[in-house]
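Visitor: Spelled out, the chains give:
There are 2 protein chains.
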Amino acid sequence: MPRRHLTSMMARYNGCDLLIDCGEGTQIAMKKVGWSSHSIDIMLFTHYHADHISGLPGMLLDIANSGRTEPILMVGPRGLQRVVSGLRVIAPELPYEIVFRELSEKQENFTFKGYDITAFRVNHNVIWYGYSLQIHRKGKFDVEAAKALGLPVQLWNPLQKGAEVEFEGKTFYPRQVMGEERKGLKVTYCTDSRPTAGIVEAAEGSDLFICEGMYGEPEKAAKAKENKHMTFYEAAVMARDAGVSEMWLTHFSPSMPDGRRYMGDVRSVFPEAHLGKDGKTRTFVFPEDE
Amino acid sequence: MPRRHLTSMMARYNGCDLLIDCGEGTQIAMKKVGWSSHSIDIMLFTHYHADHISGLPGMLLDIANSGRTEPILMVGPRGLQRVVSGLRVIAPELPYEIVFRELSEKQENFTFKGYDITAFRVNHNVIWYGYSLQIHRKGKFDVEAAKALGLPVQLWNPLQKGAEVEFEGKTFYPRQVMGEERKGLKVTYCTDSRPTAGIVEAAEGSDLFICEGMYGEPEKAAKAKENKHMTFYEAAVMARDAGVSEMWLTHFSPSMPDGRRYMGDVRSVFPEAHLGKDGKTRTFVFPEDE
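Just so you know, the protein sequences line up as chains V and L, in that order. To get the working numbering, take the position in the first sequence, counting from 1, and add 12. To get the working numbering, take the position in the second sequence, counting from 1, and add 12.
Looking at chain V on its own, in the form it has when it is part of the complex (with noise of 0.2 Å):
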């Protein structure tokens, strides 16, 4: 819409930024926020509507423009390649690699540079995913401990980093000097679905939960239940069931012009439900750290 970017998502942890969707103009919407493309090391798409896929020919060519010659990782349903090859007609030759991971199970769970992901089927007419990010993090290395054990201090390090040490013929686990694994953080991602248990499943204890609110009128419930959308308040009992820390609604029909007269209704569901809106940012720190 003019005054309004299509539905996408970035995670930036650890130097590797993670996009989720790319319709038309998320390179424009992500330079407006004075991000660059190229430190995108992986993409994930919920589905092959062009809303959500379209405006990846220019941001693949942004990230050449950039400089970039690292692999970058594509994770979606299956047609991915498919879909990238036709594409790819205008954007033919980039100076990096394009890894395909195809997604086909109810349930799929895998680790990039730091991001636990669990990508999760949504309940529309086809096989489309929404997706978790998860940043576990290890409990503290127990000083006192590794000091008991009598252990070198050039040992501590390999059992802070999970690898088993051998000293004085005795073998040493991680868990003997690290404490239990820390709070870490949890954004889940949904669009384009019906409510489902899975989804609540999958959001479960977010810090974050950006899901899908189609309509904010009460009034269009049936509509979304045709159409494979939600409404507001559907979300919002999703984000209560999941016991999620905070929810932003997004991907709003074009003929809703102001979400906001809605929100009070959907608060009496879930307090902590909040209005999606281009180039809204938001930097968790792990609690431990607050």
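Just to be clear, a hint being listed does not mean it is correct.
The list treats identical chains as interchangeable, and a pair is accepted whether it falls inside one copy or across any two copies.
Here are the simulated EDC-like cross-link-like pairs (lysine to aspartate or glutamate), alpha carbons at most 20 Å apart as the crow flies [as the list claims (entries may be wrong)]:
hint: 1; residue 1: Lys237; residue 2: Glu216
hint: 2; residue 1: Lys289; residue 2: Glu258
hint: 3; residue 1: Lys173; residue 2: Glu229
hint: 4; residue 1: Lys125; residue 2: Asp154
hint: 5; residue 1: Lys235; residue 2: Asp270
hint: 6; residue 1: Lys43; residue 2: Asp290
hint: 7; residue 1: Lys232; residue 2: Asp270
If you're looking for bench data, these hints aren't it; they were derived computationally from the structure. On a predicted model such as this, the values are computed, not experimentally measured, just so you know.
Could you slot chain L onto chain V? The hints should help.
Guide: Chain L only, in chain V's frame:
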């Protein structure tokens, strides 16, 4: 760019909208001006670099949403059908037909719903085109001449529309009752090229000449030559040589933040040179009706 759309042009005449090029965000730029995509009957492409066609899938879907069922003619250099098919991987089903006309000659002329269109090759590395659009205007119907010939009123209209008529065993021709062709309108569009005599010839006498001006900085003349683009001054020389009424510069390099500072020097070459900008529009009236 965050605050500048990609280069494209739309002409609207007699209910028929004509679009030249469609980069990412062109549909947004068009909506900002308040125009609908519904009446785009013909699309002309200069070439298939992403910044000139990446917005096509979204535009096609927007047109579909507008309820159009009439066919659309697409015109462009060889490869058009292959490129459009690739991009349509995300817009496979449309309620209207697309008709293709692929160009290969040095110059091709055709008419479409009142537009006389000339496609002319420009000078880049591969076969690309610029376009001249002309609206020809017939002479006035000479009522006295028709009366003098003794023609009944019901035969006037077919003669006005260019048909021969038979009356009392004799054939009458439009030239017998029509005055000389009156001055029409001409707009020429040219981008991504070095200056050429062919462009000057095609643009001759245009009411408006829209021409790329990649660089305003005089010291970038060598760079323009190397990259097969033009400077503001080279465009101005062509505008002067072609005897156009007005020139709009467009397709600026992202490295040039403000072209205004060069316009004094440019206007010393061609006084009616102006910078293009997002949403710039101009309404032309047939000279005789002004």
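Visitor: Are there hints from earlier that the structure breaks, and if so, what are their numbers?
Guide: 1, 3, 4
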